[in-house]
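Student: In the order they appear, the protein sequences are chains A and B. Oh and the first sequence: position 63 is 143 in this note's numbering, straight run, nothing missing. Oh and the second sequence: position 334 is 414 in this note's numbering, straight run, nothing missing.
These aren't lab readings, by the way, just hints derived from the structure by calculation. Honestly, I wouldn't trust all of these hints.
It does not matter which identical chain is used: a pair holds within one copy or between any two.
Said to hold, decoys possible - Only pairs whose alpha carbons sit at most 30 Å apart, straight line, appear in this in silico DSS-like list of lysine-lysine: (1) 303 / 197; (2) 145 / 354; (3) 332 / 197; (4) 145 / 303; (5) 331 / 236; (6) 261 / 332; (7) 414 / 236; (8) 299 / 145; (9) 390 / 261; (10) 354 / 331; (11) 299 / 331; (12) 291 / 145; (13) 236 / 197; (14) 395 / 354; (15) 331 / 145.
2 protein chains.
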Amino acid sequence: MADFPFAETSNHQVRLAARPQGLPGPACWQFTESPVAEPAEGGVLVKTLALSLDPAMRGWMNEGKSYIPPVAIGEVMRAGGVGVVVASRHPGFAVGDTVAGGPGVQEYWSVAADQVKRSGLAKIDLRLGSLTQWLNVLGMPGMTGYFGLMDVGQPKAGETLVVSGAAGAVGQTVGQLARIKGCRVVGIAGGPAKCEWVVRELGFDACIDYKAGGATAVKDGLKQHCPDGVDIYFDNVGGDILDTVLTRINKKARIVICGAISQYNNTTPVQGPKNYLSLLVNRARMEGIVVFDYADRYAVAVAELAGYLKDGRMKSKEDVVEGGVAAFPATLSKLFTGENFGKLVLQVASA
Amino acid sequence: MADFPFAETSNHQVRLAARPQGLPGPACWQFTESPVAEPAEGGVLVKTLALSLDPAMRGWMNEGKSYIPPVAIGEVMRAGGVGVVVASRHPGFAVGDTVAGGPGVQEYWSVAADQVKRSGLAKIDLRLGSLTQWLNVLGMPGMTGYFGLMDVGQPKAGETLVVSGAAGAVGQTVGQLARIKGCRVVGIAGGPAKCEWVVRELGFDACIDYKAGGATAVKDGLKQHCPDGVDIYFDNVGGDILDTVLTRINKKARIVICGAISQYNNTTPVQGPKNYLSLLVNRARMEGIVVFDYADRYAVAVAELAGYLKDGRMKSKEDVVEGGVAAFPATLSKLFTGENFGKLVLQVASA
């Protein structure tokens, strides 16, 4: 590489400055800037185009053992994203390739030779889905929904599936995929706009607005829309909604524990499901899913889901926020207030 | 039947008089007496010898939907038991046969022709185990432990199993069977006598006394005795112990929900496991077991377990209380205070 065209460019980054108590506030973040470095032999330089903002990020900010190590204080905040290769000394990547991976919250992602493999850096095919769909149905949320539903939920035609966070990234995929597999699908979401979209656009059989109808909204909605009980509950929220669904499950029901967004910003202990003995009464199962376990089968899921996008059986909605990495802290907060409508994406640059 | 020798005999019964709030007190029970009736064509009359007293009884006293209907007010309290046939007009049963079934808390159990099959009345072979072992390892607790461990827990040699209520009826079978299957076995029980017995007599690798060592007894004990984490947790108690074990589980762990005796007499809501998100982090599973689902395989389990009793690999302990049905209320209470040591049995009559 004779001329490195980014020699004068700054890479803007958002780093974790402090661990949050409750909702992450401004004190959690530090904004830094550093020169963009030319890749060494075997390395790749990616310009970030868009970042995936996910509830799981809140967990990564906590200290302590989890399914992956926490983000360290001072480290660039971890984030999945899509980008374009702007410099490469790796035979597998050429300038102009569109890629997905884990750039973190920064404008340029430099992947050293020995990190290319374990970084998850991979070329993506925009004929299978748009850039933002690669962060949604064809990305981590889609993979989570696919394997959580298919491997843990094990849907059978004619069964009833309930999914919370129905209009969110994982919920969209889960509900539509369950519908395609022949299930009756009932969503739970916040507000009439999300509920209406889930039913009209995504073809759910019904959607319960947990914010409407008072304290018994979910209970009443389940009674009305799941007359044959609940065979699969795909849980993204935890808390009271999980507890309520537990009162309506069928024998041999499967509860997929994918997340618990209602509990992530607690400053008090997590609310355990007080109705968990419904598992005993109903010989039911509650099981956790972590998407990384299925990495060797992502390609299979992407192929199937891309087929549904192409033939129109599956739709997707991304809530794309502009503003670059500086807008990251405020944008992340939208997830926890439920302000996002669809998969939350932060646009960092244009291709 | 020319002479019915029980024409002058009274059948003493304990009936449910009121649904308990918290621990069942004297007001819950009504003592009745009625004549012993001669069996009609196809019927069987059983003299109760011993009754099985089980934590599940507390659940049967509550109103509301569960895995079986509640005992109705005024009904003879439901109980499993063993007895001897004292009169029979059924071709499958002869006077003198030793039988097991669900006599309820009464001295004589009259089984009508159309109820013989669904009552579960069955002859038992005292060469396979003693009368009280037929209420323990070879009875419902043993079946619960066997299928809960083998079908839900799915033990593999080299794994670590933890079982609470280790000295209780289900716990004995679970721990010994897991040991036989090659697991490291750690019990949790209350008091040094039970813990010592479980290790010395039953061959558990260790037993944690949850009553000793303060609030962190279980946490500390698990750290010490499960250096490789917990692969299977067989839970009979719920509450804080379940929560603590959840912090020590391994990837793909199985939590068998068999009971929650710490919660059965709550007058406040059940304590949900606030650490349930450990299921997510560890891709682990929590699943309920109800023994009745395995009725068509009881014979297989009995044969295997009787073999272990015979060759000495399995031992059993029953806590036999004398005093007849009148002693039922006080004896039942021992379960909830943990006073019983071994499978709690109420002796009703001598053979």
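Student: Give a verdict on every hint.
Tutor: Each hint, compared with the structure:
Taking identical chains as interchangeable, the C-alpha atoms of residue 303 and residue 197 are never at most 30 Å apart, the minima being 49 Å within one chain and 36 Å between chains. Taking identical chains as interchangeable, the C-alpha atoms of residue 145 and residue 354 lie at most 30 Å apart whether they share a chain (25 Å) or sit on different chains (16 Å). For the homomeric pair residue 332 and residue 197, the shortest alpha-carbon distance between copies (26 Å) is at most 30 Å, but the shortest distance inside one copy (40 Å) is not. In this homomeric assembly, residue 145 and residue 303 come within 30 Å of each other (Cα to Cα) only across copies, at 16 Å, whereas the closest approach inside a single copy is 39 Å.
Both within a single protomer and between protomers do residue 331 and residue 236 lie at most 30 Å apart by alpha-carbon distance, with minima of 14 Å and 27 Å respectively. When the C-alpha separation of residue 261 and residue 332 is checked against a cutoff of 30 Å, the pair qualifies both within a copy, at 19 Å, and between copies, at 26 Å. In this homomeric assembly, residue 414 and residue 236 never come within 30 Å of each other (Cα to Cα): the closest approach is 35 Å inside a single copy and 45 Å across copies. For a Cα distance limit of 30 Å, the shortest separation of residue 299 from residue 145 across copies, 16 Å, qualifies, whereas the shortest one inside one copy, 35 Å, does not.
For the identical chains of this complex, residue 390 and residue 261 are intra-copy neighbours only, at 17 Å inside a copy versus 51 Å across copies, given an alpha-carbon limit of 30 Å. Proximity of residue 354 and residue 331 under a CA criterion of 30 Å is satisfied in both settings, with 18 Å inside one chain copy and 24 Å between copies. With identical chains, the CA atoms of residue 299 and residue 331 are at most 30 Å apart within one copy only, with a shortest distance of 18 Å there and 33 Å across copies. Taking the shortest alpha-carbon separations for residue 291 and residue 145, only the inter-copy value of 28 Å comes in at or below 30 Å, while the best intra-copy value is 34 Å.
Neither within a single protomer nor between protomers do residue 236 and residue 197 lie at most 30 Å apart by alpha-carbon distance, with minima of 37 Å and 33 Å respectively. Proximity of residue 395 to residue 354 under the C-alpha cut-off of 30 Å is found in neither arrangement, the shortest distances being 36 Å within a copy and 36 Å between copies. For a Cα distance limit of 30 Å, the shortest separation of residue 331 from residue 145 across copies, 13 Å, qualifies, whereas the shortest one inside one copy, 34 Å, does not.
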